[in-house]
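Student: Take these sequences, add in the hints, and give me the full structure.
Letter 18 of the sequence shown, counting from 1, is numbered 18 in the numbering used here, and no numbers are missing.
A couple of the hints might just be wrong.
Now the in silico label distances, taken between C-beta atoms and shown as ranges [unchecked claim]:
#1 G3 to T32: 32 to 38 angstroms
#2 T32 to K9: 29 to 35 angstroms
#3 H14 to P37: 46 to 52 angstroms
#4 P37 to K9: 44 to 50 angstroms
For the record, the hints were derived by calculation from the structure and aren't laboratory data.
In this text, a Cβ means the ideal position worked out from N, Cα and C, and glycines have one as well.
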Amino acid sequence: MFGLTDAEKNHIEHRLASFPLNKLQPRYPWQTVRPRPIRAYMGDRFE
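Tutor: This is the structure in structure tokens:
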């Protein structure tokens, strides 16, 4: 992945799993949206 060696991958994983990086929260957390009803044309609109 990205041309990294195993040592580099292990270092990155270790840093992300240790303080303070393991305490970070996303600035804009993903929130699911309320499902909206489907807005479709009436069946006879184009007849």
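Student: Next step is simple, just say for each hint if it's right about the structure.
Tutor: Structure-based check of all given hints:
For G3 and T32, the hinted distance range of 32 to 38 angstroms is satisfied, since their beta carbons lie about 35 angstroms from each other. Checked against the given bound of 29 to 35 angstroms, the beta carbons of T32 and K9, roughly 32 angstroms apart, stay inside it. Roughly 48 angstroms separates the CB atoms of H14 and P37, a value that falls within the hinted 46 to 52 angstroms. Between P37 and K9 the Cβ separation comes to about 46 angstroms, which falls inside the hinted range of 44 to 50 angstroms.
Every hint from the earlier list agrees with this structure, and none is contradicted.
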